[in-house]
Amino acid sequence: GEDVEQSLFLSVREGDSSVINCTYTDSSSTYLYWYKQEPGAGLQLLTYIFSNMDMKQDQRLTVLLNKKDKHLSLRIADTQTGDSAIYFCAENIMNYGGSQGNLIFGKGTKLSVKP
Amino acid sequence: NAGVTQTPKFQVLKTGQSMTLQCAQDMNHNSMYWYRQDPGMGLRLIYYSASEGTTDKGEVPNGYNVSRLNKREFSLRLESAAPSQTSVYFCASIIGDVGELFFGEGSRLTVL
Numbered sequence: 026g027e028d029v030e031q032s033l034f035l036s037v038r039e040g041d042s043s044v045i046n047c048t049y050t051d052s053s054s055t056y057l058y059w060y061k062q063e064p065g066a067g068l069q070l071l072t073y074i075f076s077n078m079d080m081k082q083d084q085r086l087t088v089l090l091n092k093k094d095k096h097l098s099l100r101i102a103d104t105q106t107g108d109s110a111i112y113f114c115a116e117n118i119m120n121y122g123g124s125q126g127n128l129i130f131g132k133g134t135k136l137s138v139k140p
Numbered sequence: 071n072a073g074v075t076q077t078p079k080f081q082v083l084k085t086g087q088s089m090t091l092q093c094a095q096d097m098n099h100n101s102m103y104w105y106r107q108d109p110g111m112g113l114r115l116i117y118y119s120a121s122e123g124t125t126d127k128g129e130v131p132n133g134y135n136v137s138r139l140n141k142r143e144f145s146l147r148l149e150s151a152a153p154s155q156t157s158v159y160f161c162a163s164i165i166g167d168v169g170e171l172f173f174g175e176g177s178r179l180t181v182l
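Chains as they are written, first to last, in our numbering: chain A, 26 to 140; chain B, 71 to 182.
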């Protein structure tokens with residue numbers, strides 16, 4: 026079945042760049058997403074990329090998509106302590122009934138930023 | 071504040087008890103979802119409602135029922151709780167073509 030894989034932990038120093046990687050299996054996904062979860066809170070959409078794009082930049086965030094390898098990455102430039110959170114990669118699975126919110130999530134990457 | 075509101079935020083049940091998790095959104099979204107989050111498992115879709123009056127199963131529907139009471143409210147019911155249903159439950163609603171999910175703060179359920 027469909028699956029999304031990502032590493033579980035990443036530790037960086039404040040001011041460095043963080044790169045979180047993700048692989049997915051369903052090549053028919055329309056959108057791929059990065060969600061952020063802070064402790065004790067729900068998930069918030071951080072950014073997304075349409076499947077016909079290979080890069081998207083939004084301020085400190087850069088998303089790279091390699092459709093051939095089914096690889097998605099999120100780069101956070103100048104990482105701050107406030108970026109410490111769990112980051113989830115997700116893909117849209119339309120064949121669950123055609124609803125846009127039927128997402129397959131990865132297990133999440135816990136980003137720790139050290140001062 | 072506009073958004074997705076879940077109640078209760080915390081609940082402890084004994085095996086076999088029943089309960090209903092409530093969810094309401096005030097953003098006039100058509101589609102609503104229930105996900106569960108378990109350590110090391112990410113989020114998994116339990117049920118969803120693409121529009122008022124319709125509900126469909128997601129990846130892990132066994133042991134749950136849902137009701138889309140009106141456009142605002144989507145409830146999740148556990149008829150006979152089991153320890154395997156200990157989890158954090160998130161309700162979400164969606165807007166737009168991109169498929170951005172708006173999540174509630176979660177309901178933390180422990181079944182003893």
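To be clear, the hints were calculated from the coordinates, so they are not data collected in a lab. Predicted model, so just to flag it, every value in this text is computed and none were measured. Among the clues, some could well be false.
[Claimed, not checked] Label pairs and their calculated CB-CB ranges:
no.: 1; chain 1: A; residue 1: R38; chain 2: B; residue 2: D167; range: 34 to 40 Å
no.: 2; chain 1: B; residue 1: R178; chain 2: A; residue 2: L33; range: 44 to 50 Å
no.: 3; chain 1: B; residue 1: K79; chain 2: A; residue 2: K135; range: 20 to 26 Å
no.: 4; chain 1: A; residue 1: R38; chain 2: B; residue 2: M97; range: 46 to 52 Å
no.: 5; chain 1: A; residue 1: L33; chain 2: B; residue 2: G73; range: 36 to 42 Å
no.: 6; chain 1: A; residue 1: S52; chain 2: B; residue 2: D126; range: 22 to 28 Å
no.: 7; chain 1: B; residue 1: T85; chain 2: A; residue 2: K135; range: 41 to 47 Å
Quick reminder that beta carbons are idealized off the backbone N, C-alpha and C, glycines included.
Now the hints, each set against the structure:
Between R38 of chain A and D167 of chain B the CB atoms are about 39 Å apart, so this pair conforms to the stated range of 34 to 40 Å. The hinted range of 44 to 50 Å is not satisfied by R178 of chain B and L33 of chain A, whose Cβ atoms lie roughly 21 Å apart. Our hint of 20 to 26 Å for K79 of chain B and K135 of chain A holds, since their Cβ atoms are close to 23 Å apart. Distance hint for R38 of chain A and M97 of chain B: a CB-CB separation of about 39 Å, inconsistent with the stated range 46 to 52 Å.
Judged by the Cβ atoms, the range 36 to 42 Å given for L33 of chain A and G73 of chain B is violated: they are separated by roughly 29 Å. At about 24 Å, the beta-carbon gap between S52 of chain A and D126 of chain B stays in the expected band of 22 to 28 Å. About 31 Å separates the C-beta atoms of T85 of chain B and K135 of chain A, a value inconsistent with the hinted range of 41 to 47 Å.
Of the numbered hints given earlier, the model fails hints 2, 4, 5 and 7; all others are met.
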